[in-house]
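Fit chain X to the given chain G structure using the hints.
Protein chains: 2
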Amino acid sequence: MLVQKYRDMLTQKSVIRQLSEFATARGKEIGYENVFDYSLGNPSVPVPQEFTDTMIHMLTTRESNELHGYSPNPGITSVREAVAASLEKRFGLPYRKEHIFMASGAAGALAHAFRLVTEPGDEILTFAPFFPEYHPYVDLTGAILKVVPPDTENFQIHFEKFEEMLTEKVMAVLINSPNNPSGVVYTRQTLEKVANILRKKSAEYGHDIFLISDEPYREIVFDGAEAPCVSRFYDNTIMCYSFSKSLSLPGERIGYVAVNPRCKYAEEMVYMCVQISRGTGHNCPPSIIQLAVAQVLDKTAELSVYETNRNILYRELVNLGFTCVKPGGTFYIFPKALEEDAKVFCEKALKYDLILVPGDTFGAPGYFRMAYCIDTEKVKRSLEALRRFVKEEYGR
Amino acid sequence: MLVQKYRDMLTQKSVIRQLSEFATARGKEIGYENVFDYSLGNPSVPVPQEFTDTMIHMLTTRESNELHGYSPNPGITSVREAVAASLEKRFGLPYRKEHIFMASGAAGALAHAFRLVTEPGDEILTFAPFFPEYHPYVDLTGAILKVVPPDTENFQIHFEKFEEMLTEKVMAVLINSPNNPSGVVYTRQTLEKVANILRKKSAEYGHDIFLISDEPYREIVFDGAEAPCVSRFYDNTIMCYSFSKSLSLPGERIGYVAVNPRCKYAEEMVYMCVQISRGTGHNCPPSIIQLAVAQVLDKTAELSVYETNRNILYRELVNLGFTCVKPGGTFYIFPKALEEDAKVFCEKALKYDLILVPGDTFGAPGYFRMAYCIDTEKVKRSLEALRRFVKEEYGR
Chain G
3 MLVQKYRDML
13 TQKSVIRQLS
23 EFATARGKEI
33 GYENVFDYSL
43 GNPSVPVPQE
53 FTDTMIHMLT
63 TRESNELHGY
73 SPNPGITSVR
83 EAVAASLEKR
93 FGLPYRKEHI
103 FMASGAAGAL
113 AHAFRLVTEP
123 GDEILTFAPF
133 FPEYHPYVDL
143 TGAILKVVPP
153 DTENFQIHFE
163 KFEEMLTEKV
173 MAVLINSPNN
183 PSGVVYTRQT
193 LEKVANILRK
203 KSAEYGHDIF
213 LISDEPYREI
223 VFDGAEAPCV
233 SRFYDNTIMC
243 YSFSKSLSLP
253 GERIGYVAVN
263 PRCKYAEEMV
273 YMCVQISRGT
283 GHNCPPSIIQ
293 LAVAQVLDKT
303 AELSVYETNR
313 NILYRELVNL
323 GFTCVKPGGT
333 FYIFPKALEE
343 DAKVFCEKAL
353 KYDLILVPGD
363 TFGAPGYFRM
373 AYCIDTEKVK
383 RSLEALRRFV
393 KEEYGR
Chain X
3 MLVQKYRDML
13 TQKSVIRQLS
23 EFATARGKEI
33 GYENVFDYSL
43 GNPSVPVPQE
53 FTDTMIHMLT
63 TRESNELHGY
73 SPNPGITSVR
83 EAVAASLEKR
93 FGLPYRKEHI
103 FMASGAAGAL
113 AHAFRLVTEP
123 GDEILTFAPF
133 FPEYHPYVDL
143 TGAILKVVPP
153 DTENFQIHFE
163 KFEEMLTEKV
173 MAVLINSPNN
183 PSGVVYTRQT
193 LEKVANILRK
203 KSAEYGHDIF
213 LISDEPYREI
223 VFDGAEAPCV
233 SRFYDNTIMC
243 YSFSKSLSLP
253 GERIGYVAVN
263 PRCKYAEEMV
273 YMCVQISRGT
283 GHNCPPSIIQ
293 LAVAQVLDKT
303 AELSVYETNR
313 NILYRELVNL
323 GFTCVKPGGT
333 FYIFPKALEE
343 DAKVFCEKAL
353 KYDLILVPGD
363 TFGAPGYFRM
373 AYCIDTEKVK
383 RSLEALRRFV
393 KEEYGR
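Keeping their order, the protein sequence lines are chains G and X.
The opening residue of the first sequence carries number 3 in our numbering; numbering runs sequentially from there.
The opening residue of the second sequence carries number 3 in our numbering; numbering runs sequentially from there.
With the rest of the complex left out, here is chain G (with noise of 0.2 Å):
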């Protein structure tokens, strides 16, 4: 007897997947270069240097059992001081590697995150835009994620629509800045009335509410900003990160959980992870992974090109008339389409292809979503279609 929850998902196609297969299958007719595939958030620029120089080094130098041999529960104990030291010179905060447990990507981290702090039946919110694999992530775990509709000025947060939603049944709030799809950075004022709501109902109800903050993006930040550091904010702040955007690497599933120094349960929800993790069978990211990164932990891939790519994007659409926040991060920019429903408009771009998201997916109808972790050149290149396309569709 197979389990129907799981056979029922079989027949979900994810719209992001079925637009990047087209945009394979379509490259094998016209060449991929003629492809202007928008549709994945895949990182485009190699590894830094260093991390492949460490890797070869580690192999050429060290024990094997000492490199590939078992990690202890929580990680490898030097990688989470490393990661701890890192973590408190950069934000002030007074991480120990009691505070961190290293894990499998940032899937991997919230996984824990969300077993940490919700029992089947309880609620999460997060706030749209939002990238759709919350939902599996967060359902499959029996809680139930419910999304606060996008304020469409400027993505950030729709306070009153938040208020209304946060009852007492909320355990969590997820958010993801920089986020994914919008690009934007939270502000430090959104932060601050996050972080005051949270107090002020936790209170009220009479039970704690944590914030989990999702940040693969955190180190693509640009016009040489950095995004604010949630847990400095709010005391029941999760931390979840991964190394997949800012070293490039992220088929090696490398990430944390970071649980703030200030929060009262810090050290014992890193050992609930540990249990956590015997049921999930997440078992610690790879050895050689964990090492090879704490040894870069303050690298970062080339990621200037996602800000040449966002400038170049960013201006055209606005010349063209779309809508759009200017994304502050990130390698997704997220413009209104030019007809009330956005699958119809992506639908169209086809034509021209161009393979673009349409926003029914994260939670904004009427919006789309471009990854543009891409090659500059093809970005260049892809204006002409756009243009094209803006044209012919809608006159303008």
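Keep in mind the hints are simulated off the structure, nothing from the lab.
Worth double-checking, as some hints may not be accurate.
Pairs count within a copy or across copies, as identical chains cannot be separated in the list.
Stated by the list, open to error - List of simulated lysine-lysine pairs, DSS-like, C-alpha gap at most 25 Å:
id, residue 1, residue 2
1, 382, 353
2, 7, 99
3, 91, 7
4, 15, 350
5, 266, 7
6, 99, 30
7, 380, 353
8, 266, 203
9, 99, 15
10, 266, 15
11, 202, 380
Positioned in the frame of chain G, the structure of chain X alone reads:
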């Protein structure tokens, strides 16, 4: 509000871990080389040189995005093809990539297998002596693990008890051969009998009963023998494999689920594993490790040391009058203690710096486990301590 079930687990200390910590502490006093630490099942031999060479070669020659990019959800296609081809050649069953789901070690593979075929409240049967982590692995899915008492004659299967406990609620039977902790390899007769019973009961109850075969020790079999391929005996078999022991890289978290090609749901089950992953935060083993392992699928680490150790220990234990089933594989041996309470027996052994694990943990009170994945030289030196222990405490 932290989730109580995980909090509660924090107070339950693993006996094996406690003993291992004792060994480490004692090692600091008298030198670790003088502690005969038989507590942990941690491979002691190095990875094959071919693995290291392959890693370095790939890091030196391959494109970063190809090497470190996202793996497709069921695993990298070429890796699944290579695993399927190797299984087909080895076991004569028509494995194709569609039957293979790459997983983070056997723990990751089991987490998927359990969720494929059990809902909360369903039962999974396993056989004592058994790997104690099966309890949290299963319990945390919401299913219920029930343990069939041991056949202490030869540590095959107590069939009478098995049939008695195989009620309508049982959706899966979990076996582990070569077995941790007994070292025993299930015979063809045993597997045939299991299969016959499962077929009979599946028909009687009108639902499939799956056989989940946990096989991390498949390659560690002694006396030139081979462990019989479980899938050859029963169509509804889910093989859960790990390279941890065969390649000596337990920290790299690499293994797979291989659904029997003869199982009528095989392909569907692999895609169900992908859905399950979204809930557990699994999202594939690391890309570079997948690619490297695919290059050395038919290699193993130098495993013969385990057979050498088995021979030395088995001979000595029998000479000293222990009742002991001769291990056919793994790096464990599971003799009967010299007094009824194996916990007391193992406690006394500590005085001789012999770290043995009481069988209670494995569902077989009165026995004890020795994990002989240590240097042969140390095994030899431990014999003197073993003789003194037996003589001084038990007058033998």
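Structure-based check of all given hints:
no.	hint	result
1	382 - 353	within (18 Å within a copy, 75 Å between copies)
2	7 - 99	between (38 Å within a copy, 24 Å between copies)
3	91 - 7	neither (45 Å within a copy, 35 Å between copies)
4	15 - 350	within (20 Å within a copy, 61 Å between copies)
5	266 - 7	between (37 Å within a copy, 19 Å between copies)
6	99 - 30	between (49 Å within a copy, 23 Å between copies)
7	380 - 353	within (17 Å within a copy, 71 Å between copies)
8	266 - 203	within (18 Å within a copy, 52 Å between copies)
9	99 - 15	between (40 Å within a copy, 21 Å between copies)
10	266 - 15	between (42 Å within a copy, 23 Å between copies)
11	202 - 380	neither (49 Å within a copy, 62 Å between copies)
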